[in-house]
Amino acid sequence: METTAGKGYTFKDFASDQEVRWCPGCDDYVVLRAMQKALPEMNVKKEDVVFISGIGCSSRFPYYMDTYGMHSIHGRAPGIATGVKLANPHLSVWVMTGDGDSMAIGGNHFIHALRRNVDLNIVMFNNEIYGLTKGQFSPTTALDKKTKSSPYGNTQPPFSPGELALGANGRFFARIAGNSPKEIIQLLMEAHQFKGTSLIEVLQNCVIFNNGCYEHLTNKEVKEDKQIFLEHGKPMLFGKNKEKGLVLTGLKLEVVTIGENGITPNEVLVHDAKEPDPTLHQMLVRLHYPLVTGIIRSVEDLTLEEREEALTARIKAKSDFAKADDLFFSGATYQVN
Amino acid sequence: MITEKVKIEPEDLETVVVRFVGDSGDGMQLTGTQFTDTSALFGNDIATFPNYPSEIRAPQGSLCGVSGFQVHIGSVEVSTPGDSVDLLVAMNPAGLKVNLHAVKPGSTIIVDTDSFTRKNLEKAAYVSNPLHDGSLQNYKVIEVGMTSLTREALKDVEGLDNDMITRSKNMFALGMIYWLYSRSTEHTISFFNKKFKAKPHLIEANTKVLNAGFYYAESLELIPNSYRISPARMPSGAYRIIMGNTATAWGLLAAAEKSGLELFLGSYPITPATDILHELVKHKHFGVKAFQAEDEIAGITSAIGASFAGDLAVTTTSGPGLALKGEAIGLAVMTELPLVIINVQRGGPSTGLPTKTEQSDLLQAMYGRNGDSPVIVLAASTPANCFTYAYEAARLALEHMTPVILLTDGYIANGSAPWRIKSVAEMPPIHTRRVKEITENGSPFDRDKQTLARNWAVPGTPGLEHRVGGLEKDSVSGNVSHVPENHERMTHIRAEKVRRVKYNIPCLKTEFADSGDLLVVGWGGTYGALHSAVKHMHKEGYSNIGLAHFNYINPLPRNTAKVLARFKRILVCELNNGQFASLLKMHFHNLKLLQYNKIQGLPFSNDELIQQFKQLV
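First to last, the protein sequences are chains A and B.
In terms of my numbering, the first sequence opens at residue 1 and continues consecutively.
In terms of my numbering, the second sequence opens at residue 1001 and continues consecutively.
Chain A on its own, in the form it takes in the complex (with noise of 0.2 Å):
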């Protein structure tokens, strides 16, 4: 396989020509840096990149990346995708989309993407509002929010994108907040790597219709204390110090503070993303306080594309038929003269 280093690629050749027509502030800029900066360094060919998205404000970014795109219809976008890859597996191929594409219109196809294990890379800008449609409370909206759509607040109970994902059997979940361009290089990049249906929530403020709601757990000052980072293998630490960390008590998820009560750091958890079991994943998933972010769960399984082509080789391997004419003069054929 020829090695990006060889290609020498850098983020200019993944942007394209046309203006990007986001809102000035928009996290949605800081992604798509960030997916420009990753691919150069995603041991891929430009021209295997394809990037499709459904409706919303996040679906405009196939326009302004230079590899193959597709901004389709609102919510398909998994199914578009999910016809490239099985087109042609050897394509690297991303899903955009946000959490009214990706959970309301076209929450059949999401769960069904995450189910299937395609080899897609799916990244969901969660704004927790319609952008592009102005204003309206979207799936993962709180309760008791005043939207456009909900003036008296809101009282549709969202959905939390990970344990819909992990409750759809996805086997690779990270989230990760707007404002942290390196970690999402990262885990754009381990994405890529995974192989299977990766999903990246992308905690992402909309400035114009939703903004700071992330703010609490986002702001510079608060984010260590607020925000774990997990790391496969390594002990659930967080804070300023990494004096803080994650204990299991009974059937709840508890933070401790090392020293205290002589706790020690050895007590801590130690974060298993591969762990099949997704019960410990959906807990870290649920959790408040400290927001996880980081992989919580990569667990790997065939692919649907190698399911497939596992089978069609072995059918061909034993099949009688190379040419549909074989096919057509099977059987109970008869002469006329």
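Calculated from the structure, these hints are not laboratory results.
Mixed in with the good hints there might be a few duds.
[Unchecked claim] Think about it this way: if two alpha-carbon atoms lie no more than 30 Å apart in a straight line, the pair counts; the simulated DSBU-like pairs of lysine-lysine are: (1) K1284(B) with K318(A); (2) K1199(B) with K316(A); (3) K323(A) with K1195(B); (4) K318(A) with K1197(B); (5) K316(A) with K1258(B); (6) K12(A) with K45(A); (7) K316(A) with K1436(B); (8) K1436(B) with K37(A); (9) K1199(B) with K318(A); (10) K323(A) with K1197(B); (11) K316(A) with K1195(B); (12) K1436(B) with K195(A); (13) K1282(B) with K318(A); (14) K195(A) with K1282(B); (15) K316(A) with K1282(B); (16) K220(A) with K12(A); (17) K12(A) with K1436(B); (18) K1436(B) with K323(A).
[Unchecked claim] A few chain A residues that don't get close to chain B, going by computed Cβ distances all over 10 Å: (19) Y9; (20) T10; (21) G25; (22) T133; (23) K148; (24) S149; (25) E190; (26) F209; (27) H216; (28) K242; (29) K252; (30) L269; (31) Q282.
[To be verified] Now the stretches of chain B that chain A is said to cover, found in silico as 3 or more residues with beta-carbon under 8 Å: (32) 1030-1041; (33) 1233-1247; (34) 1262-1269; (35) 1282-1295; (36) 1301-1313; (37) 1414-1423; (38) 1461-1468.
These numbers come from a predicted model, not from an experiment.
For each residue, glycine too, the CB sits at the ideal point set by N, CA and C.
Mind docking chain B on chain A? Use the hints.
Same frame as chain A, but now just chain B:
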């Protein structure tokens, strides 16, 4: 009393319609298929139609559980499964009750008397036994204790349980019919040998029962005569009996091979289209990628993805599914990607009549999308030519870079007929618009000057990276554009691109007459009925009637106006409330049309058509 049986020469018949009916579990489809295949091997022309109950396992012996198979065989051309039945084989009272209306008075009915028990008569809602109450006096009823005769024939065969014995009585009936129509049992016996290779006792049992039925009919005084339907004159070549849905699937296989592309099907199960999916999933040896999606929308969107990535992409559905796919078809129109959409029509609207036939999705296929979004629309007209038009749909999609909707219907999709096998080599060439490297005029948005079809650059091709999408694109660069004049220009380009397809399809030909008093106009699956009715009129001396049957709906063949102008009156016959007639009026404003519409979930019958025609000439 012994009567001397005199060997009489079989009587010659031109055509005969046989219907096998019984309980869902009585094996009527198998019996019908065997009779069909044997007759085809003998050289008859054939048309068949199965009639399943819509319940999967309806209560035994009930009226809703009756399963039937009708076959029309002829020494002359046969173009429909036949309106009325010459021979009914009824394995139970429910089968008799449900099907009696279709039997011509004076025709023969063979019944299994063993099944006419009080319980079965009650289940069929008979107050008295029709075999005894005189209600069948207009028919020749042949009463045969098939169950007990089958049991008797199998008394020495070991390894059979009661259920197996009862279930082979359909072979007794088949044996009788083989004798009656002077057919050999050979094909069916070799079928047993193949099917039950590992179970020799079943080969023995079925063969014994088949022969027992044959000899029973031969020695039975009640059947005074046997009949002969000589081979039909058909163009020479290799043939097979094929169902419409199978032919559709095979047409796609041929197109994939001819164009050098891999075939991708994205589909969601829906009656009566699912058999196309069933057929294509079998053919992984050809590299077919048949993807059962989570819904109709994912069926088409996966196909659009596969098309973007360079496969021959297809989605299959029926009416309600086409409605769900509408937005995605618009995406394929906008992105100008080749895509074949097959709609096996059924009765609508909504869930409608899922197992019944209708032609009422024509205008949905034409216009069922937002915006001005023209697509090519084709319609197959016989079970066998589903092959031709599936191939044609693929050819036109690939050559013109546009979605093509192929309309078939439940009637031709489930019906079967002889197909003169087409080898891939004899199919017309397919010139795809694939560009494999950067060349002059090779950008993804450059168009062919004649057809206006854009180039097809697929992911993996270096230097041709580009974005497509549902937003309006600039007519030159392909970038997103909201410029008013550009949108108008692009709308015209998309329309003109489809309009120019008329130079890549054949002209319309009339049958029976080039000009005259009355032109019968039809489209799609009604061909068989219209053809045989017009033919009948000519036999009766009405030589001023012609038939124009359309397989190309959008665009229409370029000589359509001329053909229509050569007749004094035009009668448009269709199984809907006048959709094709409306379409013709839109094209030809001054055209005066007469209409004959039937909306009963049933095909046209010969008699009703002839009656209509006679009123007009």
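Do the hints match the structure? See the list:
no. : hint                  : verdict
1   : K1284(B) with K318(A) : holds (11 Å)
2   : K1199(B) with K316(A) : holds (28 Å)
3   : K323(A) with K1195(B) : holds (25 Å)
4   : K318(A) with K1197(B) : holds (20 Å)
5   : K316(A) with K1258(B) : holds (19 Å)
6   : K12(A) with K45(A)    : holds (14 Å)
7   : K316(A) with K1436(B) : holds (28 Å)
8   : K1436(B) with K37(A)  : holds (28 Å)
9   : K1199(B) with K318(A) : holds (24 Å)
10  : K323(A) with K1197(B) : holds (27 Å)
11  : K316(A) with K1195(B) : holds (23 Å)
12  : K1436(B) with K195(A) : holds (28 Å)
13  : K1282(B) with K318(A) : holds (13 Å)
14  : K195(A) with K1282(B) : holds (27 Å)
15  : K316(A) with K1282(B) : holds (11 Å)
16  : K220(A) with K12(A)   : holds (29 Å)
17  : K12(A) with K1436(B)  : holds (25 Å)
18  : K1436(B) with K323(A) : holds (25 Å)
19  : Y9                    : holds (12 Å)
20  : T10                   : holds (16 Å)
21  : G25                   : holds (23 Å)
22  : T133                  : holds (16 Å)
23  : K148                  : holds (24 Å)
24  : S149                  : holds (22 Å)
25  : E190                  : holds (23 Å)
26  : F209                  : holds (22 Å)
27  : H216                  : holds (37 Å)
28  : K242                  : holds (43 Å)
29  : K252                  : holds (35 Å)
30  : L269                  : holds (36 Å)
31  : Q282                  : holds (23 Å)
32  : 1030-1041             : holds (count 3)
33  : 1233-1247             : holds (count 8)
34  : 1262-1269             : holds (count 3)
35  : 1282-1295             : holds (count 10)
36  : 1301-1313             : holds (count 12)
37  : 1414-1423             : holds (count 4)
38  : 1461-1468             : holds (count 8)
Checked against the numbered hints above, the structure breaks none of them.
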